[in-house]
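Q: Hey, can you piece these two chains together into the complex? The hints should help.
These protein sequence lines are chains Y and V, in that order. Using this note's numbering, read the first sequence as starting at 1 and increasing by one per residue. Using this note's numbering, read the second sequence as starting at 1 and increasing by one per residue.
Hints were generated in silico from the structure; no laboratory data involved. Computed from a predicted model, the values in this text were never measured in an experiment. Among these hints, one or two may not hold up.
[What the hints assert, rightly or not] Looking from chain Y toward chain V, a few residues come up when the C-beta cut is under 10 Å (computed):
1. His53
2. Phe283
3. Gly345
4. Leu411
5. Asp489
6. Tyr490
[To be verified] Simulated DEER-style distance windows between Cβ atoms:
7. Asp161/Y / Ala11/V: 56 to 62 Å
8. Ser83/V / Gly276/Y: 36 to 42 Å
9. Gly461/V / Lys473/Y: 22 to 28 Å
In this text, a Cβ means the ideal position worked out from N, Cα and C, and glycines have one as well.
What follows is each chain in one-letter form.
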Amino acid sequence: MSLNNKPPEVMITPSRFRNPIGKYRLHRTDDCIGCGKCVDLCPYGVHVIRVGHVLTNNHYRCVGPECPNPCYEACPAQALSLNRNPTFDTMGDLRWTPDLLVSTWYMAENGTVPPRGLEYRIGGSDGGFDRLRLVFSPAHGTQLEAPHEDVDIGIDLNRRDDSSHHIRIDVPFYGAGMSYGSVSIITMLSRVTAAAALGTFCSTGEGGYPDELKPYDDHVITQVATGLFGVREETIQRVKIVEFKYAQGAKPGLGGHLLGDKVTPAVASMREAVVGYPLFSPFPFHSVYSVEDHKKHVDWIKAINPKALIAVKVSTPTDVDMVAVGSYYAGAHIMHLDGSYGGTGAAPDIAKKNIAMPIEYAVPRVHRFLKEEGIRDKMTVIASGGIRTPHDVAKIIALGADGVCTGTAELVALGCIRCHNCERGRGCARGIATTDPELTELIDLEWGTQRIINLFMAWRKELIRILERFGMKSITELVGRTDCLVHLDYMNK
Amino acid sequence: MASKYIIDTQAVPNRFEVLTQSGIIAWEEGCLKCPVCVKKQCVYGVYDNRDLDIRQMIDSLDNQCMNCLRCVQGCPKELIHKSINPEYEALGDSHWTPYVIAKSWYQAETGKIPVSGAGYSGPFSGPGFDSMWTDMSEIVRPTRDGIHGREYISTGIHLGKTPRHLTFTDSGDLDSDPSFLVDIPLPIILRIPPFGSLGKNTIKGWALAAKKLGTFLALPYEMIDEEIIAFKECLIPSISPAQPYGDDGLGGVRLIEVLWGKNWKAITRQITETHPSAMTAIRLPLVGGIKETVLSLVNSGVSIISLEGTSNGRLVDDNSVFMRDTIRSIHLALVEHGIRDEVTLLVGGGLSMAEHVAKAIICGADGVVIDLPILIALECRMCRRCTKELPCPVEIDQAASSWVASRTINLLGAWHNQILEIMGAMGIRDVRRLRGEAGRAMFFEDLDRNTFGSLGEVQEGYELE
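Isolated chain V, as found in the complex (with noise of 0.2 Å):
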């Protein structure tokens, strides 16, 4: 068994104000100027930390208040009072939410996964991914401890070509070559989001982070300059079949990835000949019909296979579907040929939240390749400024190396964590065991119709209450 893989965190602080849900306003009109303020017996101390004036209360303290509402609670002239803040509900868009943002920003902050007191808080069910339930095992099957370190839980898996059987020499020695599958310990893989202010820092802190991680850093062909290829180990080149593609430095590169296009085969070869020592990739966008294109590409030899959704965990060709359903069936149908050990499948694409990791593997991917929110970690407010031009709220590019990293870090250690989390409570003790698990796994449909479905009967002049 390979040694036990931990994350190590720490708290790494932010650089600017985070934004809060709620706010405080606070009228100086009218105060009694009581001996003892309620703004002085604030159980978080909150007034007390910012070290204000309590006379001069006109400030709106956004992130330090915990919204207990005792001070509004219990000032005697009702000057205080709390209010949405309107930035926060201006986070991000409907998939990206102000919630999935904060707590990103809380997770790379402090390394730690999200606990909080009380029940669930948010809607019942929601699209795509947020329409499963995963299982528990709970007396008749076993459990494991993986959390609290009592039994190990393996998140690793390889990329690759899964060898059916192993071959031995006469005298004992591996005879097959094992060269071909490369192992990350952490079903995740980084890459280069689709925007973002981003300097070299910021590119060579991912890197780091992907090569402490123990996993591979994506990103395109034409932005690995002398510095980054210092990461060769941890790098996954993406060369597109547009661009011209000639001989390149990528020497001790392990992955590299080709864009799905008229020519890439071509490519491949070009690879194959110039790095014979690396695996290829074939990445290709995560459209309707995209089934029989990955049957076939995996019939011809292709090992690994990249599938990418929109930013919004849709298909690209179709924004009504979720892409839950299409990676369900495209592991169906390797299954069925008797060829789904014959490629590792990746999936990204709109996956926000450590949650969508399980759920992807469940529904048959192996392992699953994230971009935003690594930016998210950053600090990232997804205002998308940066796809025009604009400066950026937060200054992503000028943040050092070794911030970006620890940052990247944190959000994936929590990440790595919460996986456990879930395994732990399925009693699955290896992550390669939860692929395509999908009778492990509750869908909303199915549930909601079955159990609801006949109560649809009302007849005329009945009251619904």
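Looking at chain Y on its own, in the form it has when it is part of the complex (with noise of 0.2 Å):
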């Protein structure tokens, strides 16, 4: 089965708060004559005339110092200066910085990668994704005007091709589980709907299944994970697609954990829980010690849903690779690998840094040893944690993955500014990562739908560009070649 949909429109979506942050700050002062003529120069829109005024109302469109017209240079006045916003630099960190948050805002507006003033590729770890480069030979050197919209960047999950569902998404992403409770039911929503119009899925965590997803339930994966919660026969039969949650990227070998003062009425009924208490979930699946065991899980699910595809989420240990090839043997259609890198609703500092390997090391070891076991093409595997950019999605799949799981990149695409604060209190500020109803309606749900479909438009062109840029017609020619990659760190000088 294909979605087969119509990629959705972009329309034009700004911030929801009343002054968006840029990098940029442009200060004009009394000198200013009202003449118009920065109005005039800026390609961007950032000043603006309202009766006979010139205001700069749009810092954050400004690019700084790569405009082709700066207006602080020819303002006849000379009332113009610029300056380096210092509100930006306090956001984010090395793995989303302040310039990778603002063009993922600029790509949730727009639709389209911001022109110019921003890295929107790569982030600032200093290592993986960020000293990977895609190379691109000259032989394709063609950047084409327009990208031709018949480079297909779908994938198929069902590689087995047994009885199960035949599924094949429209963009090789799908959404990362994000619980209801760690995430608000807005967030949640905005996630599957936007999901639902790219033609992909999205994952509803490990919290249970709420009713309001119900009308999406073609492109919702639920999540089995050890706290069983809110886990039915009636919600494992509704989905095409169940995921068994063995371990997340940022806490290995550690259970979820949703901290009381998240735990809300709502949450609590949907969890079976009770208000007001944390909730660990245990790890591991006290009833898993073995790939057998594993197997009996499997088969647990195609007896209740015999048509549903399997994915099995798990980290990534020394042994990740025996690990894949297990799941595959005890009947997986989909190996998705979570990084150490990844995200989380609240997680231990120590084991978010220190335990287990990232994702960018992960994906090349299990794609070799899926090959030498001959199942690779039996198997689709699906990386996360730390997946940022359309251009990680691109490194990911040519060091051997098939698709990606996105996670943070949606919540960035809200307003997330990286403030690590999700398990604090009344959760989330910004109302994202929250539980609390005040906090909750922050977000319109149909704002936030379109914020995420347009980031990724945005993926999406900028995908197909880059492989015209290889001479590429699919996407799955790309997986696993690791020649259309070079790593800076050991690249011929």
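A: This is the structure:
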């Protein structure tokens, strides 16, 4: 089955905050004579004229020193000066730099990558993705004006070719599990609605399957994790893909953790738990200590929903390749590897940093191992854990994945600034990762949906552009093509 | 099995305002005096907590702000901004980073492990122990749930030579002498830091903490006075060959440390004669060729060796080499010679976070010795003004011993829980099983070269993006 959607439309969707944050600020002194020259010069609409007054209303659009027509140099009254926005530098971190945050916001607003002035492709972690580059040969060097729509970036999720659903997603990514409780119902619905529009899926995470998601059943992946919150026969039967979560990259070897404050009455009822008490999911599944036990799990799902695809989400230990092969023989269709730098609603810092390996190492290892085992083309390998940009998507596919899962990128589209306070008190002060009814209302569902659609439409365009530069017609041609990559630390001088 | 080891922690307030990464800048000029100011809508109630008049909000509210930027993005006149706090950025150095210092303060204040939302935020890899990842168990191997107490994970080690076997008398009583083995429930020994504005109460507080934790505090012999000697059960007097050492009132001390030097043998002999019930340890600087020295010491019967790198975790004689690999090679050499269990290997120097304890042990140490973390627990900002005889900005020497002890216990309590997290994820129930388990760790150099080493081919005219 192909979802065969027409790509959804991009609609300009600006920030929901009064003052969007950009990299630069323009200071206008009282010397301004209101001539309007800056308004005419600026290609990005930073300045506007209102009843004879010139105002700098859209600081956040300014591209700074890279501007081809700098207003601050042309101003006849020398009333404009350019400064870096101090607030910009207080946001984000090395993995999600302020540049990546603001460029993701740009994509969520406009559906295209930023024109200039922002590094939208790599972060500042100085390793892995951030040291890898795509290599374009001059033979395919032509960059087309408009991307060809016949380049196919869709992927098949059932490669076993068995009697289960044959599902094709139109983009090489689907939404990673983020539970009801860790994020708000509006965040969850925005993600699922956008996934439906984009012709892909979104996972519920481990916090149950809220009724609000019912209209999108065909685009929902329901998760069975160690806590088994809200897992019922009926929820398993409702969907086309069921995901076992054995581990999570951000906290490998540890169970999920929802802090007490976020267990509101609605969350507690969904999870069949007590209001206000923290919820720790156990680790591991205490019924699974071998591949045979794991197969028993898979068989159980197949008995309840015979046509469901089975996804297995695991983290990245030293023997991740064995885990992948074991999962194949247990009957899984999708091997979802969540690398150690992945997202979370709450996790001990020590686990995020130190336990298990980054996804960039795990994918090539699993790809190679499955190939040697002769089963690589029977399994869909999905990677997650630090995929922030379309370039990350291309890089991990070239390293051997078929597609990716996204999570944090969608939250950033909704206005996340990576303040890392999702787990405290009422949850996210910006209304994304919260269960507080008042904070939840900060996001309008239609706005949230469109922001995520716009972001992924930008990713889509960028991926098509990248494939064309490689001279490829389908993203499946890129899988395992490590010759399309170079690592700066090993590059010939 | 020993009874469960639990470190009781409780919040101990800071004595000074903590420094945070960014501050708020708010201007009054141009304020519209909105009926409901964004400052009043702060989700965290920061402005209310400070009980400040919002009309005069020119203050920099550094350490309560949670960086949600709601006020910055909501003020109609854009009068509120945030900016990086230079005082925070200037904390410590490249090894004792502002992040390490701030997280240590948090642990010493709350006794809790640092937990945060969203994924990892730091660099991909780093020097030394930062270029290691520990393993976890999944599906094909069992894990341990030690964190929530469903299974007990032991962090206890013993100091001294492990007997190869026990002998019993005909009546079934133990025949061998177990006295030359000291158990500590935590693989961490405290040491007086190389600098710091220390008062009598500071030393006493640390000794108290060592006692409550069941471990030791190592301190220079000459620092021991009548008051401190009351804690003799948990002190490790450190004797320098350069200093005169006479008889000393160290009766009842269980462990004495002798600094490596020409006459270490003579001093050790003297100690054995005057304090036959005490164990001796030899403390060596961690230098390049130390492996041979360690082997010969163990062969001559030394049962506890403490190796000390620099305060930034490097070799004493080569600042470009991190101690990680040297520890590994010493451990492996001892294993090869079949004498690994003849000696307890302790390592110290530059260990700044809980993960370093686990990683040092994975590299082959039995336990670790920490110094500067217990100073940072007392709000030290690592400004090193004390080394220039300038006054301490947080007056550490003035702190009460009970405060010092509680802060230290909180830090170690948080570290203990974090060691449990790592061991739980690996499925290891006893920290002694973690020693030398390099196969259950991943090293950046190996992984990176194996994965990316072949990705270096770029021809002329190719474009990188």
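Q: Let me make sure I understand: some of the numbered hints might not hold for this structure. Which ones are they, in numerical order?
A: 1
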